[in-house]
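Engineer: Given next are the chains, with one letter for each unit.
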Amino acid sequence: MADLNETASTLHQYGELVGVAAFALSGALTAVRRNMDIVGILLLAVATALGGGIIRDLIIGNTPPNAFTDMSYAVAALLAGGVICVWHPPSNVMTKWSLEVTDAIGLGLFAVTGTVIAHEWGMSAPGAALLGMTTCIGGGVIRDVLSGQIPTVLRPGQNLYAIPALTAAAVVAVLLRYTEYQPWMGLACAALAIAIRIGSLVFGWHGPQPWYMRTLDAPER
Amino acid sequence: MADLNETASTLHQYGELVGVAAFALSGALTAVRRNMDIVGILLLAVATALGGGIIRDLIIGNTPPNAFTDMSYAVAALLAGGVICVWHPPSNVMTKWSLEVTDAIGLGLFAVTGTVIAHEWGMSAPGAALLGMTTCIGGGVIRDVLSGQIPTVLRPGQNLYAIPALTAAAVVAVLLRYTEYQPWMGLACAALAIAIRIGSLVFGWHGPQPWYMRTLDAPER
Amino acid sequence: MADLNETASTLHQYGELVGVAAFALSGALTAVRRNMDIVGILLLAVATALGGGIIRDLIIGNTPPNAFTDMSYAVAALLAGGVICVWHPPSNVMTKWSLEVTDAIGLGLFAVTGTVIAHEWGMSAPGAALLGMTTCIGGGVIRDVLSGQIPTVLRPGQNLYAIPALTAAAVVAVLLRYTEYQPWMGLACAALAIAIRIGSLVFGWHGPQPWYMRTLDAPER
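Line order of the protein sequences matches chains A, B and C.
Residue numbering for the first sequence follows the numbering used here, beginning at 1 and increasing consecutively.
Residue numbering for the second sequence follows the numbering used here, beginning at 1 and increasing consecutively.
Residue numbering for the third sequence follows the numbering used here, beginning at 1 and increasing consecutively.
Everything labelled a hint here was simulated from the structure, so no lab data went into it.
Hints are not guaranteed to be accurate.
[What the hints assert, rightly or not] Looking from chain A toward chain B, a few residues come up when the C-beta cut is under 10 Å (computed):
id: 1; residue: Met94
id: 2; residue: Gly148
id: 3; residue: Ile150
Glycine included, each C-beta is placed from N, C-alpha and C at the ideal position.
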């Protein structure tokens, strides 16, 4: 069990850097689609990758935020953004899925980390879950607002994103409150979020629209 | 007088939840107009309803913000958003006015609460008034930026919104500084903001444009 | 030397108000281009001028931010915005350059001030440089997001903005770390940023796009 927890902690730590890099890639690729130059690519990569964690730290009162004190996050984001400055992933199915899976890993780990940190700073279970979800979707919202789009997480017809984040965050918050929380539990919750997210992409799950919408004008998708 | 103050405090407390619900409704209705699904409707309702207060708390340094520690705000926002997920208000004059009046109540109460809280945290009168106005318009700005629009409060040809908020906030700030502030005064200031806002809607008041604009291209309204 | 430092401090202090006014002018002029009324002009002027400093103060944990405690910033921003409410600068070359030079002064001074303040609050050199740049570009990003545009600092084909900011911030951070920092050094770094920015406008420098973009669809500029 001790071994399992140690492995989980290590996985978590490296996983978080993977998550930062994944969010940085999504920011950089959005910048490329908008024809930005390399300054824009690197700025959007860093803002997307660090934004969620900075919002989380401001809300719990952890100032200056980790992103400004531990440079490994900024370096991971810059490296990932730098890759996109010199190389564009070929647009085939395998690349698309590598990116989606990397992003889902970031989603799952950020939801868990955000909730755990919120709990450690003394927040109640519902508050911690809410903040875990915010950490998770914050970076993507910043990316989309800065590139002039309605945030993906709000757009209709998109696959589930906030739901897996909130599910994992809520389960972690309950576990923290009612059990002796162990790192492997967090990893299991992250895996749950990743599974829901990937399932949503594979099977095309998305949130329902209100029933009365069908009677309005045809929605623009 | 004591009775009056007690009534005022109670009114204020319930009024604030009414304000949160009103802002949540406006967020949810904006989401419906953008054809969002129920996840988007609930997220935009919560972000609109809690955004102004979260900005206020971050600025005064009250971390974590009330919205993350007192769940009654989030619950009120989710309930109001949930109503819009299953029922769309008929678009007739009475509904429009119910919504406008509810929103004006939120406007007035948030301006007063924001200013009082800023004062309690030791801010000077002008700073407190500025923050009261920010609290008030913050939620709406978040709603509009997230749904891809220029914030209503900035758009030309709109009825007064920032002005009633700033008026009430400024009067409260002066009263807090120079009198023994009583809750009924706050309620009176909120009523003042509500009256200016409703008057602006009834009589079509809006801010003037600079005189030289008439000589430029016809403004796009 | 003492005289030089005193002059530098004074220049810095007045320079910062000049910078605030310059950013307020850019906010107000953006509002005019969007046909906003005078409420919108003043709000956008204040948000642009104070936004960067507020973000900086929230990140270092200096709450409430200076902009809410020292009213000279808000007054400078309102005065600059008020000028644009009654007078529109003629669109000739001299006016354009006055505005660009004023904005560049703001850019240089904000980068230096942001970094110095971050250092005083105990941040490491890379964190302080990152925050200095953020302070600098924050106001402009807020201005562009609120007026419904992709931030100038990210748009392709724009002259250098983040680069001079980051250069000055990085040099200041290194000087703070390895030398006995003197105010005149900060002024020299601000001058460096101003020179790079003006040079970028005169000679049309801008960041390169990734080499592979030439092979994609023609970029929309």
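Engineer: Can you list which hints this structure breaks, lowest number first?
Structural biologist: 1
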